[in-house]
Every structure is written in C-alpha cells, then in structure tokens.
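Asker: Sequence:
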Amino acid sequence: MLILNTGGTFNKRYNPLSGELEVPYDNDAVEAATRHFGYELNIAGAIYKDSLEMTADDRRMLADIINASEEETIVVVHGTDTMELSAAFVAETVAEKAVIFTGAMIPFSIDPVDATANLAMALGYAASRPVPGAYIVMQGLIAPFDRITKNRALGRFEIV
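Plus 110 on top of the position in the sequence shown (first one is 1) and you've got my numbering.
Straight-line distance between alpha carbons at most 16 Å, and here's what the computed EDC-like set of lysine to aspartate or glutamate pairs gives:
id: 1; residue 1: Lys207; residue 2: Asp174
id: 2; residue 1: Lys159; residue 2: Asp138
id: 3; residue 1: Lys207; residue 2: Glu181
id: 4; residue 1: Lys159; residue 2: Asp136
id: 5; residue 1: Lys260; residue 2: Asp191
id: 6; residue 1: Lys159; residue 2: Glu130
id: 7; residue 1: Lys260; residue 2: Glu194
id: 8; residue 1: Lys207; residue 2: Glu182
id: 9; residue 1: Lys159; residue 2: Glu132
id: 10; residue 1: Lys159; residue 2: Asp191
id: 11; residue 1: Lys207; residue 2: Glu180
No wet-lab data here; the hints were simulated from the structure.
Since we're looking at a predicted model, the values are computed, not measured.
With the hints as extra help, turn the sequences into a complete structure.
Answerer: In structure tokens form, the structure reads like this:
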C-alpha cells in the first residue's frame, strides 16, 4: 500500500534556530507513526508544504503522481486546512483509484496520538478496498470528500 506524504501539520517539527514549526523535507513522522504496523508500506514524499501554501500546480503534481502509481488505493497525508480542495481536485482528475486523505490537527512531533490515530484509521479503511473515489478520514470520521468538512470555528471535522 502506498502512503503519499505531502507535509502538513502531521509532519511539522520545531526548529530551534528559527523558533517556528516547519514542514521538513522527509517522511520521519509517517515512518515513526507506522513503525510497529505489521505489514509492508511504501512511503513516498512529495510537495512537503503546509497545505495553506499549496498551489494549483502542487495539486496537479499530486494527481499526476497518483495517476502514475500502480497502486489502486493510496493514502495521502495532507494538511487539514486545504485537504478538501486537494481531494476535490483529485476526485476530478483521478479515475479508477481510491484515494484516502488524512492528516493531523496536532503535529506528530508534539503529540503523536492524533496523527497516528488518523493515519491508522485511513490505512484500515484503505485495506477494506473502498470503491474508487476521494475520501477524507479524520478524527474518527470516514466519508467521501464532499460529505466531510473542517469546522474551523470548532477545530474539528464534521460530516455534512
């Protein structure tokens, strides 16, 4: 199974030199979150940005990578702020694949529970072989991308 890591809060780490949380150009958080899973995962990285910085070109690149993959089901680790936009773009441009978007509200480096729980749930859903389409799996919820949204006022995802 392929996990495509695009960055986002899931991956952020504190930079002691700048005093900021940054998205590093590595897959360390995803690898750490899945270290004890009992099956083989293919983890690949692309983009490595906070989702608020993602552009239309980034979304095209994401869709191109997904389309080029031989995998039928792909989990995308993505920032939560524009996850819905990327999922909508992928739904329009990717056919015959199930693409499950997940992320974290709290960086793995600060508290691994949120990130690991979301990723584990996304991988479990991916293993169930869902029908092709784009899905979001966050905070115990699973739904097609157009039936789930981030409620920014309450800081949580909701089914709509």
